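Model the full assembly from the supplied sequences, consistent with the hints where possible.
Chains as they are written, first to last, in my numbering: chain A, 3 to 782; chain B, 17 to 118.
Worth flagging that the hints you see were computed from the coordinates, not collected in a lab.
Since the model is a prediction, treat every value here as computed from it, not as a measurement.
Be aware that one or more of the hints could be misleading.
[Claimed, not checked] Here are the simulated distance ranges between beta carbons:
id	chain 1	residue 1	chain 2	residue 2	range
1	B	59	A	478	26 to 34 Å
2	A	741	B	43	56 to 64 Å
3	A	181	B	26	24 to 32 Å
4	B	26	A	746	43 to 51 Å
5	A	762	B	57	28 to 36 Å
6	A	761	B	26	35 to 43 Å
7	B	26	A	188	26 to 34 Å
8	B	57	A	242	23 to 31 Å
9	A	153	B	26	21 to 29 Å
10	B	43	A	573	54 to 62 Å
11	A	279	B	26	20 to 28 Å
[What the hints assert, rightly or not] Facing chain A, from chain B, some residues (calculated, C-beta under 7 Å):
id	residue
12	17
13	19
14	20
15	21
16	25
17	41
18	42
19	45
20	48
21	55
22	57
23	60
24	64
Cβ coordinates follow ideal geometry from the N, Cα and C atoms, glycine included.
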Amino acid sequence: MSACHGAEDAVAATTGQPVIAVAGNPNCGKTTLFNLLTGARQHVGNWPGVTVEQRRGVASMHGMKASVVDLPGVYSLLGGGGTDQAVARDFLLDGNVDLVLNIVDASNLERHLALTAELLETGRPLVLVLNMVDEAKAQGLEPRTEELSKALGVPVIPMVARTGHGKQDLLNAVSRALQTPPQPARIRYPAVVEDALHTLSEALGEGHAARRRFGALRLLEGAADADSPAVGELLGAVRARVTAATDEEAGDLLADARFGWAHALATSAMRRGGRVGRRQRVTDALDRIALHDWLGVPVFLLVLYLVFVVSFSGGNIFLDFFDQASAALLINGVGHALYSVGLPAWLVSVIAGGLGGGLNLVIAFIPPIGLTFLFLALLDDSGYMARAAYAMDRLMRRLGLPGNALVPMVIGFGCNVPAVMGSRIIEDPRGRMLTVLMQPFMSCSARLTIYMAFAVVFFRSDGGQVVFLLYVLGIVVALLTAWLLGKTAVRGEALPFVMELPPYRLPSVQSVLVQSWQRLKVFLFRVGRVIAVIGLVLFILPGIGWTSKGLQTTDINHSLLAQGSRALVPLFEPMGIKEDNWPAVSGLIAGAAAKEIVIGTLNGIYQRQNSADLMNAYRDPDIGAQLWRAVKTIPANAMTFVSTLNDPLGLSDLGSTQAAEQASGADSATLKAIAAGFTPLSAFAYLVFVLLYVPCASTMGALRREVGWGWMVFSMLYGIGLGWGAGTVIYQVGTFAHHPETSWLWIAGIVAAFVLLVVGLRVYGSRQQGPGGGLLEAPS
Amino acid sequence: MKPLFAVRDRLREQGMATVSQLAVVTDLPFATIEDMLAYWQRRGRVELVPLGAGDGCGSACGGGCASCGVPSESGVRVYRWRESDKATAQPVTFHRPTLLRK
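Here you go:
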């Protein structure tokens, strides 16, 4: 091999032979192709005046020899690529080139066609080598060379240069192209840009038409400077003309046209086929819906809705079995065993009724809660949740809220405490504070237990819909709260949200089961422990009260708990709680400490109220029969589930009567007592209050640490007020026909109070300096 | 379709985005999006954003930065539209949302 040959030397050395230039992006197999064509007949030197390596060689085809020049690998010829690019551009425009072999990576065609677009601008005859078709096929891409060839106006040869596959076809095509040069099609830019190119080309004067057009392209794109003041002036004028006509800059229009051309060409030339292609088409189709500007959010809500409805309905199949079987074993069985060994009646009641009753409640809700966690894990593992977050993010930013607030919100579905703490991932103080203040309204898993208990009693046929409604209500109140505060007390701009969108995938069974179990375990051992222990405490508490002789054991209706709760009942009467349902108020008081306690409290009290009946059951339980009855509920409930499969939205149940709803499901003493104390309307109002008022002491503690005492107190009062107002409005609207005047007064009073709150927040906000200024205390 | 402008408009509207976010909403291949972002970078309209972990990372998630969704080795790149009034000069935290993180 020789060295130090210039370009002119190279061409001169092969006088009489046609010259073929091999052009392409770096790492597209250009040198491999060059080696394949020239074999050992190569010369290595430098391009004239620069230290860029030049490789040339001779290829033989059909008895004809051609000089092959390997151009430096470049992404563009227009500018920004240094000496390599200048060498390639000058050789292609001014060199003695008979044919350009443009090699592209078929597995990444769109990106590589960008250079092809520029090569076509040189006006040189061209053959396109579609290299690495094996890798493209492995990705499910089927090249359609005929279509590509037709669109480009040049021969297209599929190849695997690495193995030599397609070499003969290439040699045939090159031979034909040298004899009859193909006429490549050129990109058509927008008319106003073409006019500008024409004007500039004319003004450049020197060189052939392709050189001048290339010069005009480089000038318009800002890749080259005008070489005279006159051209500079003209350039400014044509750019201004283009911008005036299109509102875009000329250089951007050129680049966009090339990207658009490459995209359209690659899309039609490479069809996705096979398994990979089908998967991609499914992903694309799903994303078109899941990420649609307007459909994304409704689709997310629909998915969430189906999760809760199917979880509730599916869970119902086993709910009665879990409930009745655990009651037979843990309440009656344990009670009987303890009674048989001669323990005193009060101790038997405490252990079997209090502790066993609490455990019975926890176990009864394993099926629907476990299924909910299972479906949420499926959504998470499939890659959909990231899409849902993205879809919600757009909505949230439209509301002026911090986009990444959704992440703590979904954590809040599990527990509000880590959700509040997780809000620290939001950098800007204003966004963080709004996010923290939203979290108490997210339905945590402890609230889910309360929803489920009430849904089983009052909304058995469409409990999933009610639970879904409460979840959505929580999200809506959280969003509106942040929006309201963002417009009044905590003004400022929201920051954008960035995240990676993973591809859709079939969820891994192991991953889904492990994640679901982790969550269910928290419910069973953390929430369950609290319910059971509090149930025990509250089984004892209603047994003491103030009497004329001081603190004495007393019946439940004269206990301290009853007296205190009764004193507060008038506050809750507007939302439908009657005086004799004072245990419901006890539940709310206890629930301020932890939502897990609400059901535990109700259980403790109601079990105590029924303790006489239970003692009879302990003496003579028929556990075998009870277990058999429990087993028989499975097929019966399964039939009900199957019969509702054709109506997953539960629309046919909308007209069902309250009596029918209330009659079913209330097997345990606690659930029976709930059924007796509420109507479906007052139960729903109660649930709304449970959703909106103070989530728990731990959340309040976390809130204080993140945003300080002031905002914690605000959050607490705001939640209680909002919960009470919403519960009251729901109950008053529902019973409006019975007492329209009173209802009007309540509703008007609540609306007025809310307006006053908004005004107060606005006044507070206007007094603050800057967005969020001075509002935050440093997290400890 | 005007793909270069579609990417610009989406990024401008959003302020910041990852390549995958832009790819799924514009229906363009990752490589093309990267090229377009490189184009806008050359034009001085787009900049690469340094990724950082939130203040509470680790303590809040209980499992270190990875559990917060900060991709330590994933090579995820976040781009910011420089004209956007929504974007600021501060680093951003990357999030991989999941329902089941405690």
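Against the structure, the hints:
1. B:59 to A:478: 26 to 34 Å: violated, 42 Å
2. A:741 to B:43: 56 to 64 Å: holds, 58 Å
3. A:181 to B:26: 24 to 32 Å: At roughly 48 Å between Cβ atoms, residue 26 (chain B) and residue 181 (chain A) fall outside 24 to 32 Å, so the hint is violated.
4. B:26 to A:746: 43 to 51 Å: 49 Å Cβ-Cβ, so the 43 to 51 Å window holds.
5. A:762 to B:57: 28 to 36 Å: Hint violated: Cβ distance 47 Å, outside 28 to 36 Å.
6. A:761 to B:26: 35 to 43 Å: Holds, at about 38 Å.
7. B:26 to A:188: 26 to 34 Å: Taking Cβ atoms as reference, residue 26 (chain B) and residue 188 (chain A) lie about 29 Å apart, which means the hint holds.
8. B:57 to A:242: 23 to 31 Å: Given range 23 to 31 Å: holds, Cβ gap about 25 Å.
9. A:153 to B:26: 21 to 29 Å: At roughly 28 Å between Cβ atoms, residue 26 (chain B) and residue 153 (chain A) fall inside 21 to 29 Å, so the hint holds.
10. B:43 to A:573: 54 to 62 Å: holds, 56 Å
11. A:279 to B:26: 20 to 28 Å: holds, 26 Å
12. 17: Holds. Min distance 6 Å.
13. 19: Holds. Min distance 5 Å.
14. 20: holds, 4 Å
15. 21: Hint on residue 21 (chain B): holds, closest Cβ of chain A at ~6 Å, below 7 Å.
16. 25: With a minimum Cβ separation of about 11 Å from chain A (threshold 7 Å), the hint on residue 25 (chain B) is violated.
17. 41: At 6 Å from the nearest chain A Cβ, residue 41 (chain B) passes the 7 Å test, so the hint holds.
18. 42: violated, 10 Å
19. 45: holds, 6 Å
20. 48: holds, 5 Å
21. 55: holds, 6 Å
22. 57: With Cβ-Cβ at 11 Å, over 7 Å, it is violated.
23. 60: Violated, about 11 Å.
24. 64: The hint is violated - residue 64 (chain B) has no Cβ within 7 Å of chain A, the shortest such distance being about 12 Å.
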